[in-house]
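> Sequence:
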Amino acid sequence: MGATKFIKGAFTFFMLMMTVAINTDKNAITRLGFEPNYLVMTLSAVCITGLIVHRGLALIVSVLVLSISANAPQDFMLNIGVDRDYLLAALVVIILSPLIERIIA
Numbered sequence: 057m058g059a060t061k062f063i064k065g066a067f068t069f070f071m072l073m074m075t076v077a078i079n080t081d082k083n084a085i086t087r088l089g090f091e092p093n094y095l096v097m098t099l100s101a102v103c104i105t106g107l108i109v110h111r112g113l114a115l116i117v118s119v120l121v122l123s124i125s126a127n128a129p130q131d132f133m134l135n136i137g138v139d140r141d142y143l144l145a146a147l148v149v150i151i152l153s154p155l156i157e158r159i160i161a
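In my numbering, the protein residues as written are 57 to 161.
Check before you lean on any hint, since a few could be wrong.
Unchecked claim - Listed next, with one range per pair, are the computed distances between beta-carbon atoms:
# : residue 1 : residue 2 : range
1 : G89       : I150      : 17 to 23 Å
2 : E157      : D131      : 33 to 39 Å
3 : N93       : V149      : 24 to 30 Å
Don't read these hints as lab results, they were simulated from the structure.
Just so it is clear, CB atoms sit at the ideal spot from N, CA and C, and this is done for glycine as well.
Could you put together the complete structure from these sequences and hints?
Right, here's the structure in full:
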């Protein structure tokens, strides 16, 4: 069972790292006020992976889809009619909701 958790964690980390690093100059990290370098991208991917790796597949898939959408080029998302900041807010809520539930309960 330990190997399955490791593979799930490694896959989640790799996918989050790739989605954050795709648009280095215009991604979610820049909009949060941090300088976009690979150390910050790696640390954010590790933190998010640590928070969601023990959750279900639906949560991981939704985080990956929202991460890809939040880091998509702004022109592309505006043509669809979706603001990237709303997607970033939904991503933060989905990531932090299990942690907040655990603290409150």
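> All hints, please: hold or fail.
Right, here's what the structure says about each hint:
no. : hint                    : verdict
1   : G89 - I150: 17 to 23 Å  : holds, 21 Å
2   : E157 - D131: 33 to 39 Å : holds, 37 Å
3   : N93 - V149: 24 to 30 Å  : holds, 26 Å
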